[in-house]
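Next come the chains, spelled out residue by residue.
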Amino acid sequence: MSKAKDFLRKSVLFAKRKTLGTLLKFPFIVNSKAFQNHKASSYFKNVNHHPDSYHETSGEKRIAYFHGSKSEQIADMLSMIRIRIEPGKKFQCWIDEGLYTPSINSMIGNLSPNYELVIANSLHGLISRYEAMNNTVARNNVTILRAVCSYADRIADELDSSGLTQSAEIFRNMKDSPAKNFEEALQRILLWSSIFWQSHHRLVGLGRLDKILSPFIEPGKSQERIELIHGFCEALHRHYGFKSNGIAKGDTGQIIILGGVESDGKYFANDLTYDFINAFIQRGVPDPKLLLRVSANMPGEILRLAVDCIASGIGCPLLCDDDVVVPALEDFGYSHDDACNYVVSACWEPLAYGKSLEQNNIGSINFAQVIADVYRDKNFASLKDFDSLVEMYKSKLKLHILKVLHGLNAVRWEEEPLFSLFTEGCIESGKDMSQGGAVYNDYGVTAVGMSNTVNSLLNIKFTIFEDRKFTAEALRDAAINNYPDESIRAFLDGHKYFGRDEDDVISLTNEITGFTAGLVEGYRNPFGGRVKFGLSSPNYIEAGRFTPATLDGRKSGEPLGVHISNPKGVPYTELVMFASSLKYSGVRSNGNVLDYFVSPAILHDEREKFYDFTKSAVKAGFFQMQMNVVDSAKLIDAKKHPGKYPDLIVRVWGFSAYFDELPEEYKDVLIERALSAESKSA
Amino acid sequence: MAGENIFLTNIQRFSLHDGPGIRTTVFLKGCPLHCPWCSNPENVYGNDGKYCTPEKLLREILRDKIFYDGDIRGGVTFSGGEPLLQIDSLVPVLEALKSENVHTSVETCLYVSRKNLDTAMKYIDLFHADMKIMNAEGALRILGGDYGLYLRNLDALMSARNDVIVRIPVIGGYTDSAENIESVKKILAQYAGSIQRVDLIKGHNLGASKYRKLGLDEPCCMGVSDELMLKYERDISGLGLTAEICRI
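Residue numbers (my numbering), protein chains in the order written: chain G, 1 to 682; chain V, 1 to 248.
For the record, the hints were derived by calculation from the structure and aren't laboratory data. Source: prediction; values computed, not measured. You can trust all of the hints, since none of them are fake.
Taking lysine-lysine and the DSS-like style, the derived pairs with C-alpha atoms no more than 25 Å apart in a straight line are:
1. G:Lys619 / V:Lys65
2. G:Lys568 / V:Lys65
3. V:Lys213 / G:Lys680
4. G:Lys568 / V:Lys50
5. V:Lys231 / V:Lys186
6. V:Lys98 / G:Lys619
7. V:Lys213 / G:Lys568
Per label pair, the in silico range of CB-to-CB distance:
8. G:Asp387 / V:Lys50: 23 to 33 Å
9. V:Asp163 / G:Ile281: 35 to 45 Å
10. V:Asp163 / G:Ala633: 34 to 44 Å
11. V:Asp48 / G:Ser507: 24 to 34 Å
Note that CB positions come from ideal geometry on N, CA and C, so glycine has one too.
Build out the structure end to end from the sequences listed, making use of the hints.
Written as structure tokens, this is what we have:
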């Protein structure tokens with residue numbers, strides 16, 4: 001193989017799976033080719049060991065090359081896809097895992113295209129619309145749409161020759177008419193979703209499906225719709241390994257958004273909202289996943305159904321409290337209508353549906369790292385009081401955040417005709433999404449370690465400045481040497497504050513996020529877009545590896561705290577009241593998830609009370625909330641005996657997964673959190 | 001309000017087993033009895049506990065106010081120990097809770113002065129009242145209580161209310177004898193119109209570690225059979241009352 005081809009192939013493999021994850025860890029060097037080569041080779045090794053990562057269909061790798069036009073590259077790709085008809089299935093959907101589309105720059109992803117465009121229009125209708133316009137985006141749209149027409153023809157021909165004439169008809173209809181019914185609409189979403197995946201986009205969401213599919217609701221046909229939803233989810237779940245991001249299988253970003261407050265303040269829901277949740281209760285499979293937008297004025301029966309779904313143990317739906325999220329997004333700069341029409345990135349980071357570049361997970365703030373910077377400062381031991389401690393923390397945090405922000409502008413985005421087709425603003429401005437063509441062009445970063453930080457700072461406050469139990473030197477030495485003295489570590493570990501609804505804990509947390517907001521507000525990306533952050537991050541284990549010991553008794557390298565979660569012994573109501581006292585508005589709105597464990601016994605014996613709890617929690621005003629319904633005994637047994645509970649599903653971060661398929665340390669974190677929720681020790 | 005005059009051991013938010021809805025349970029220290037099977041000995045013996053002002057207690061209770069207003073109305077439960085021993089100190093809290101429209105309940109053994117019971121009846125929305133050893137000799141010897149006082153209080157409560165929840169600990173060797181069960185049934189029948197529900201609580205040893213911690217001998221209670229519990233439940237249902245076997 002020639003050197004050039006080899007490079008291309010490695011870049012492809014690199015871009016294929018890890019772009020966002022890598023950005024997250026190394027935002028400042030993402031554009032270095034040397035780096036890409038190096039990472040690509042190591043990645044290439046990994047990918048070959050992944051059991052079902054690629055070429056399910058064929059051992060041969062094929063490449064749709066870039067010849068100067070991304071839309072033509074995608075057109076070539078469409079012509080090269082090996083179609084795999086599945087006669088027994090309700091829906092036809094596949095990914096040709098041996099076929100690659102190389103990219104040099106970072107791929108835009110982690111978004112939900114608004115598929116309403118291709119449901120409400122025919123391909124030919126769209127082609128004529130864009131042929132009448134004269135700009136780059138319009139021309140790219142036409143190239144892609146024509147190629148999709150040919151692809152649909154090819155599929156229809158193959159379906160015909162397999163005797164599946166009815167399915168063939170559904171594909172032919174795509175060219176000349178809007179979707180005629182629910183089944184056709186779902187098949188269109190599946191086709192376009194597969195094209196996104198095929199062109200190596202990652203974390204491709206599904207969008208507000210109850211909303212965009214509402215024209216296809218026929219009264220009294222709920223059971224038929226639920227059957228179709230089962231087929232639809234089954235089709236999305238194929239290529240599970242290929243779609244999963246990183247080491248934890250299940251992080252596919254295939255999120256379906258349901259419900260939500262409308263611009264007029266009324267709560268939107270329809271029969272499909274119920275159908276989707278009911279189907280998921282029956283399904284018991286971790287991917288795709290649901291997010292339910294909730295509000296104090298929603299019908300109680302939908303929330304009740306959501307609680308039933310959560311009680312089934314599949315870790316979803318994630319609940320988003322619109323009464324908090326919508327105003328926060330307006331404060332960030334979205335119009336009222338767009339704030340009301342939000343969806344989220346793969347996990348929980350909100351964005352304006354079908355109007356956003358919003359790359360919401362391209363960097364990470366590590367609040368806990370800064371604690372180490374503080375106790376390593378030569379002036380740490382001579383600090384006089386808590387206020388000067390907080391000032392020192394802020395001065396170090398500033399350096400950390402500026403470094404994170406600085407890295408963001410190094411990112412170059414690959415030309416993006418596919419998302420440009422689906423994203424408002426691009427066709428109007430004639431600018432590709434990678435050039436800032438969308439209506440909103442913002443970034444987002446996640447944040448880890450807030451709980452470790454608040455606990456560390458308050459531990460210093462109480463043990464050094466108030467009780468004088470320890471000297472500053474003793475604490476510093478203990479942390480630098482990674483707690484050789486277990487008694488100091490145990491004491492610090494035994495005093496947890498983050499998650500308690502006490503004034504000093506709440507005000508300290510808000511002070512730190514407020515300070516961060518002040519720094520972040522000044523940032524503008526090359527498109528004039530802003531950046532937001534939130535207190536939830538997938539990388540609490542990964543970032544923990546590189547974070548020195550913190551003064552909450554956490555040793556160097558151990559996982560950081562998970563999102564907004566409760567320390568041992570803190571009841572759910574207190575955790576909710578704590579979370580509802582935090583400030584989330586404006587740039588602080590990039591996902592803030594309350595995350596906790598509930599014993600299955602509570603949901604079994606006290607379902608009504610738990611529903612009441614959830615309803616009141618919505619009223620109290622959290623930002624987002626998710627839970628694991630599982631007891632520690634089962635998790636411990638499952639870890640000991642892999643294969644004993646093949647259907648055991650757990651919520652990991654913004655996704656659910658089969659427990660058996662998780663890396664061991666993820667299992668350990670889950671077990672420890674379950675034990676803590678039951679007020680037991682490991 | 002007064003000073004730090006409420007002696008308590010714990011305030012437990014998100015309590016699901018101490019009355020309707022989501023509740024905050026306040027465990028008050030001190031009890032006139034010494035039931036050998038007590039599962040909360042820390043509320044009876046020793047010096048552990050903290051003094052609290054009515055203001056502070058009220059603030060703690062109101063933290064979860066939003067959760068009390070569910071489809072099933074929750075609120076606060078005063079437990080113990082025997083909460084009615086401190087009812088005078090609780091009055092300012094109870095008055096404030098009334099004006100905040102927070103539902104209140106108590107778990108009482110009724111071995112308290114009539115004056116304290118009257119004060120409680122003035123404020124408390126829901127009573128959980130115990131039926132333990134139902135004869136004067138056993139009540140005095142085993143529990144250390146005046147059975148006559150208990151019966152007069154029971155009568156006063158049952159005459160004033162129609163929604164009392166009766167709690168019956170079924171403890172091997174203490175309350176499970178045929179005579180005791182007959183006495184309980186007789187009294188239940190007498191007050192059937194005042195009773196909302198009867199909770200049958202099967203004896204357990206959950207408190208064992210607490211006894212060890214307090215330096216006390218572990219309680220020696222014999223278990224009772226599931227058959228006995230089921231028969232007890234049927235017998236009570238036979239009186240036209242709702243009975244539930246509680247898993248605590």
